[in-house]
Amino acid sequence: MPVWRRPNSGHRFGHTHDLPRRRNLAVSHRLRGPCHPAQPFRIADLSTGEWHALSPDRTIPPTATADTPLDFTDPVIPATVTEYRIYYTFGGRFSAPSNVVTASGDSDRDGLPDWWEIKYGFNVHNTDDAEADADPDQDGIANIDEFLAGTDPRDYYNGKLPVITLESGNNQESPAGAWLPQPLTVKVTLKGTNPPVALVNAPVTFAVAAGRGKIGTADQVEASTPTVTLLTDDLGHAQVWYHQPTHARVRSRITATAVSATRSARTEFHARTTTPPPPPGGGGDPGDGEPGDDPDGDWDHDGLTNAEEEAIGSDPQNANSDDDGVPDGQDAMPADDDISFPRAGAAHYALIDIGPGSINATNGKGQAVGTVPPADGSTADATAFFWDKGQRKTCKAANPCPTA
Amino acid sequence: MPYGLNDSGAIVGEAEFEVPGVSGTYNVRAAHWANADSPPTDLGSLGKITTTGSTPEAKAKKPDEWGTSRAVAINNNGMIVGTSTHLVAADIPNGIYYPVTSTKAVRFNVGGKPTLLGPGKKDDTAISNYVSALSEGGVAVGMTSDYHTSPDYTGAALWDNGVFSKALGEDFTPTGITTAPSDDTRYKYYVIGTKKPDPDAPAPDPPAPAESGTRLKLKCKDSDDFVTKTLPIGSALGITTDGFAFTSAYSELSAASAAPAFHEWVNGNDEDITSKFFPHDGVVFNGLIAQAGNGMLGGSIAVTDPVTGKTKNDAALISNVEVRTVAHGDT
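The listed protein sequences correspond, in order, to chains A and B.
Every letter in the first sequence is one number past the one before it in the working numbering, and letter 324, counting from 1, is 324.
Position in the second sequence counted from 1, then plus 404, gives you the working numbering.
Just so you know, the hints here were simulated from the structure itself, not pulled from any lab data.
Predicted model only: the values in this text are computed from it and were never measured.
It is possible that part of the hints are untrue.
Claimed, not checked - Okay, derived cross-link-like pairs now, DMTMM-like style, lysine to aspartate or glutamate, Cα gap no bigger than 25 Å in a straight line:
#, chain 1, residue 1, chain 2, residue 2
1, B, K525, B, E574
2, B, K526, B, D588
3, B, K452, B, D411
4, A, K365, B, D575
5, A, K393, B, D550
6, A, K191, A, D108
7, A, K365, B, D588
8, A, K160, A, E268
9, B, K452, B, D528
10, B, K517, B, E574
11, A, K365, B, D629
12, B, K625, B, D588
13, A, K365, A, D296
14, A, K393, B, E420
15, A, K214, A, D322
16, B, K517, B, D527
17, A, K365, B, E540
18, A, K191, A, D155
19, B, K570, B, D550
20, A, K393, B, D628
21, B, K600, B, D588
22, A, K393, B, D441
23, A, K119, A, D108
24, B, K625, B, D550
With the rest of the complex left out, here is chain A (with noise of 0.2 Å):
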């Protein structure tokens, strides 16, 4: 066991054995030189710089000689330290610190040790056997399997080579702030093998490298962080959505990466947005035709015809009618900038909010009429209105009572 001196300070431990962390510690050392009884141990957590005392504190005893072993049992140190150095104060200085102690007991009684245990986050004071049964990286082999094989127990790969491929997905374009059209698919394979075995329940990172958009969840929902990482499934699959950044012309580059404690490997993918192609007969300009005359294209890509946009009052050249930064094919309000919560993946309903007032008939040109109370909330004078592709007008009264 190596010793640790320090010149010229004339304290210092002999020697320290792997400290169990609450049973049986055994500090077993040899003070020496002068030495200035009751005076209170110390521990340095040498991962953070910060002081703890043993709980309960434990001081050298009266008596205790230079070479008086100490056998300190059942203290409390702290549970996020897994190495420190042990000090003793002397005359208001500190002594030569000890060796590197590391804990080395198993608190829990389920057969990780505690220093295991606290590496790879794990609860040391778990008394039943879930934890020692738990994986959490998926990879079919349990914690307790991990440690004695002595295998990270947060790696899936555990030296295992991953190749990762492109399945579908690259090379696409969309507009400007639109989800590219297919899903970007890789593939994670073990290396080596023939034909390729399908690696189930690897992790792999989707990451933007370039071109500022926004990765989705499968059901093209916008992933709250720039990275994200999925399991494959059963065929080795893992799969992401692509929403484009906002300006024209951006080439993007999106990453797959599959990464263990020893190696990764990466695939990319590209994509590019564009703007939306003018109208038939158009001559290039947007605003020459009219999206009436082609009802059933979709003009600013947003994922709705333009006899939807029409029907429901957004705007067939413009992909975020609103502008409220939620395209108008995932909008459940596609033509109200104060509410645009999403439409739910692959439902087929969409709430239209069309104003004050409420509906009392619609028909089959997606028409409707309905009425607006005054203010004071009567309905003796409430006023009609009609509703047609995104316009209200009011209804002609009876003349001359200007109500409906």
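Based on the hints, put chain B in the right spot on chain A.
Structure of chain B alone, referenced to chain A:
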């Protein structure tokens, strides 16, 4: 006040019209707008339009008055139905005016007089009818009360090609009707409504809501029978022409959880579609009183955006309803 709209953009409802011959006096009668830019046309009522008498005393002495009316639906063939109420008699005992009125379901005719749908004669005050919905095939549904019978009868009313019947039952309140899709070989039309609770049934424990759920009644093509399907959730809101039945759980919920839920009944299955309208936690959906249209629903909403916290109380449409048909086989 509009209540009906067809695919041509014609609107029906009610509006205030001046009583003929009584200058400055108005009452509410059924109205027809050829389109939203047209002035309303007076569809009249079953009451007699008088040309004299403008004071309450004069009206009381001339009980055959002009009456009020409301048109509730117009189909794509231009058929208009609604309800008319008119004064039949009045008395002034001790100087207090007591009117006796008759309310009847009618078919309105633009440019002509309303036609009585029956049952009961025009001035029979012991029978009252009203219309709530009309199909493209010209079948109307509503309610009727008959005090000539013993015991009194109050229940659903059906007018199929002008023929009145009580076939929908006494415990049923119809709210919508649609002609069956053309590929439906078994049924002629679908009627949606709410089943009234059985007054003789034992009180449920825990207490049940006042209304006991929505029913679809499917009219057989080859007989006069109806097949009843139970929609287990809530009250009927309406049915679209492609066979979507929409219900609300609102009336079935306790006061402690009064948020409505929306269900669709399609392909023989009841499905909670509330989450499809409002897929995100924190969206407060305060209510929708929907009327069924041909593929769209409309009503009023109050929603609060979970992000901005803004609340809106507005008219709203639910659109993009996929065209799917109700299953035709099972009963």
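Query raised in the report: Given the hint that K393 of chain A pairs with D550 of chain B, does the C-alpha gap stay at or below 25 Å?
Result: Distance of about 42 Å is beyond 25 Å: violated.
Query raised in the report: Can the restraint linking K517 of chain B and E574 of chain B be considered satisfied, given a maximum Cα separation of 25 Å?
Result: violated (31 Å)
Requested in this report: Below or equal to 25 Å on CA atoms is what counts here, so check K365 of chain A against D588 of chain B.
Outcome: The hint holds at about 23 Å.
**Report entry** 25 Å limit on alpha-carbon distance, applied to hinted pair K393 of chain A and D441 of chain B
**Finding:** holds (9 Å)
Query raised in the report: Given the hinted pair K191 of chain A and D155 of chain A, is their alpha-carbon gap at most 25 Å?
Result: This hinted pair holds, its Cα atoms lying about 17 Å apart.
Query raised in the report: Between K452 of chain B and D528 of chain B, is the straight-line Cα distance small enough, at 25 Å or below?
Result: holds (15 Å)
Query raised in the report: Holds or violated: are the alpha carbons of K119 of chain A and D108 of chain A at most 25 Å from each other?
Result: holds (15 Å)
Query raised in the report: Quick one, are K365 of chain A and E540 of chain B close enough, alpha carbons at most 25 Å?
Result: holds (15 Å)
Query raised in the report: Under the criterion that the straight-line Cα-Cα distance not exceed 25 Å, is the pair K517 of chain B, D527 of chain B satisfied?
Result: holds (16 Å)
Query raised in the report: Has the given pair, K570 of chain B with D550 of chain B, been kept, meaning a C-alpha gap of at most 25 Å?
Result: holds (11 Å)
**Report entry** Hinted pair K525 of chain B and E574 of chain B, Cα distance within 25 Å
**Finding:** At roughly 21 Å apart (the allowed maximum being 25 Å), E574 of chain B and K525 of chain B satisfy the hint.
Query raised in the report: Can the restraint linking K625 of chain B and D588 of chain B be considered satisfied, given a maximum Cα separation of 25 Å?
Result: Satisfied, since the Cα-Cα distance of roughly 10 Å is no more than 25 Å.
Comparing the model with each numbered hint stated earlier shows that hints 2, 3, 4, 5, 6, 10, 11, 20, 21 and 24 do not hold.
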